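**Q** Spelled out, the chains give:
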Amino acid sequence: MGEVRINAKDMPYQVLNQRVRALVASGEKDIILDNVLGQRFIGDGIRGDDVTITVNGVPGGDLAMFMSGPTVIVHGNADHAPGNTMDNGKVVIHGSAGDAVAHSMRGGRVYVRDNIGYRGGINMKEYQTKRPILVVGGSARAFLGEYMAGGLVIVLGTDGVAPVSGRGVGSGIHGGEIIVRGRIDNTCLGGGAEQKKLTEDEKKAIRPILEDFVRTFTIDPDPVFSAEYSKIVPASKRPFASKYTWE
Amino acid sequence: MDGSKIREALASMDERGSGEGSGYVAYGIYPDYKEYYALHVFFDNIREHKVPLEDLLEKWGMIIHDEQIKTYEQPGLRKVHTPWRYFFRPNPSMMPKSTSPEEDIITSLVMKVNSERNGALIFSSGKNLGVFKAAGWPEDVANFYRIQDYKGYLWLAHNRYPTNTAGWWGGAHPFNLLNWSVVHNGEITSYGTNRRYIESFGYKCTMHTDTEVVAYLIDLLVRKHGLSEEMAVRAFAPPFWDEIDRMQKKDQELNRALRLAYGPALMNGPFAICVAKENLLCGFTDRIKLRPLVAAESGDRLFISSEEAAIRRIDDDVTNIRMPGAGEPVIGRLYA
Numbered sequence: 042m043g044e045v046r047i048n049a050k051d052m053p054y055q056v057l058n059q060r061v062r063a064l065v066a067s068g069e070k071d072i073i074l075d076n077v078l079g080q081r082f083i084g085d086g087i088r089g090d091d092v093t094i095t096v097n098g099v100p101g102g103d104l105a106m107f108m109s110g111p112t113v114i115v116h117g118n119a120d121h122a123p124g125n126t127m128d129n130g131k132v133v134i135h136g137s138a139g140d141a142v143a144h145s146m147r148g149g150r151v152y153v154r155d156n157i158g159y160r161g162g163i164n165m166k167e168y169q170t171k172r173p174i175l176v177v178g179g180s181a182r183a184f185l186g187e188y189m190a191g192g193l194v195i196v197l198g199t200d201g202v203a204p205v206s207g208r209g210v211g212s213g214i215h216g217g218e219i220i221v222r223g224r225i226d227n228t229c230l231g232g233g234a235e236q237k238k239l240t241e242d243e244k245k246a247i248r249p250i251l252e253d254f255v256r257t258f259t260i261d262p263d264p265v266f267s268a269e270y271s272k273i274v275p276a277s278k279r280p281f282a283s284k285y286t287w288e
Numbered sequence: 014m015d016g017s018k019i020r021e022a023l024a025s026m027d028e029r030g031s032g033e034g035s036g037y038v039a040y041g042i043y044p045d046y047k048e049y050y051a052l053h054v055f056f057d058n059i060r061e062h063k064v065p066l067e068d069l070l071e072k073w074g075m076i077i078h079d080e081q082i083k084t085y086e087q088p089g090l091r092k093v094h095t096p097w098r099y100f101f102r103p104n105p106s107m108m109p110k111s112t113s114p115e116e117d118i119i120t121s122l123v124m125k126v127n128s129e130r131n132g133a134l135i136f137s138s139g140k141n142l143g144v145f146k147a148a149g150w151p152e153d154v155a156n157f158y159r160i161q162d163y164k165g166y167l168w169l170a171h172n173r174y175p176t177n178t179a180g181w182w183g184g185a186h187p188f189n190l191l192n193w194s195v196v197h198n199g200e201i202t203s204y205g206t207n208r209r210y211i212e213s214f215g216y217k218c219t220m221h222t223d224t225e226v227v228a229y230l231i232d233l234l235v236r237k238h239g240l241s242e243e244m245a246v247r248a249f250a251p252p253f254w255d256e257i258d259r260m261q262k263k264d265q266e267l268n269r270a271l272r273l274a275y276g277p278a279l280m281n282g283p284f285a286i287c288v289a290k291e292n293l294l295c296g297f298t299d300r301i302k303l304r305p306l307v308a309a310e311s312g313d314r315l316f317i318s319s320e321e322a323a324i325r326r327i328d329d330d331v332t333n334i335r336m337p338g339a340g341e342p343v344i345g346r347l348y349a
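Protein chains in written order, with this note's numbering: chain A, 42 to 288; chain B, 14 to 349.
Only chain A is shown next, with the shape it has when bound in the complex (with noise of 0.2 angstroms):
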């Protein structure tokens, strides 16, 4: 089957989702949205390792909500929690996202080009053989990898940004790291979370994540592999436990 265009100019997103769902279920592997504006939910809950969902235009909130599987492309900017408990799959942002991108996600990628808001990240999780993945070609925000339980968020910082402006990087971080591009400050890390100097073994192993993503992105690799990183992660095995008043 061929790709299927819907013209979303206007179209309520109870409407263009129900429209999505009916052509996923009927075989559909390869559906266009054009003039997307704001329509939220676009591709929640939808299943399909080999289904694409292109969207052009700036979708509304919640994009790829508990999707498993199928790929999302956007042209445009994507507003708060793309990827928000996403499964499996997929999420591929040209432009930048809002607050609480890929929040509590669980599985599959999310890739923004440019920036991501506060909260990328928060509450990501892993379990067994599922890891999650966020890589943001830009900076982000405060509170980046918040309550993190697991997973890999990766800032670039290319064109010389750096990567995170803001306080509270991993506060809370309980499993799982956060990559980014050369160090930030100290005083930029959250309660619970350490830093530590990428290993070149360490940085070997998220190489072919950055390939993809420079791939996918069309960004110059160079600057990108020759750079130096640090992760951020929990400062012990169980930080919080003395949070808890009955051990």
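I should point out that these hints are in silico values taken from the structure, not numbers from a laboratory.
In this text the structure is predicted, and so the values were computed from the model without any measurement.
Check before you lean on any hint, since a few could be wrong.
What the hints assert, rightly or not - Short, incomplete list of chain A residues facing chain B, as computed with Cβ under 7 angstroms: (1) Val-99; (2) Asp-120; (3) Asp-140; (4) Gly-158.
Positions of the beta carbon are idealized from the N, C-alpha and C atoms, including for glycine.
Place chain B on chain A using the hints.
**A** For chain B alone, coordinates are given in the frame of chain A:
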């Protein structure tokens, strides 16, 4: 710009509301009466409540003109109040000890009328501007007032989702006092402290909701105390003490002084707020950014919204789209 696009932009965020309150304020809509205070009033009952209000107004000044605000029946909106407008000239000699007698007369009238609640509520009291609000969805409220018939140079609009108090006409945003208008997304958890503080200066909180303190606080800090809008926002959403400790000495002194002097004006909890007056639009969020705010420009126009898509619904050619930092004010000024 007329209100039709504003309505459309606001309606595109219906998910953010619950149909229990919506409103608009437009600046520049009463050029023929621009030297008078335009008082918008909700009457519970015209027969009983109109004459006592007019008696009070005539005591403090002169009613230049009054008329019913035109409304158009909407199936989705129950008209529980009758909106009325007065163009009013206060008599400054009635408040001889004040340095700004006209504004103080208006403020005290608004506080008196709204706290006594005698079937009248003044919900708009500035010059050459008007608030239009009701309990309903943005589209219904806009159609109720035919918001497209008003042409303003500065607009605020709001879609309410009341969470802590009941929705009612007076509780819809924008909140207005004199030329200040305020819309707010979030909740001000420091409301108790802020309210006690502001009431110690003679303001009375009567709308059963947190946002009105913002209108009174900004009136106090900027109009009465002479702070710049930037400083007022910094008093509302100040830097953290550890951030102040790391500042240059001069900035430390300023920020410490501001926090100590205006501690009770600090607002906690999640908020994104837009404040307007006749020559200003100012948007800001709480200091840990618990609510969204997007700013964009198009020519000499400034847009501030919860969502970029809503801005693009008015003007798709916007540039310089950005998310202001936590507590960082975005200010547009009008130089006429």
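**Q** A separate judgement is required for each hint: does it hold in the structure or not?
**A** Structure-based check of each hint:
no.	hint	verdict
1	Val-99	holds (5 angstroms)
2	Asp-120	holds (6 angstroms)
3	Asp-140	holds (6 angstroms)
4	Gly-158	holds (5 angstroms)
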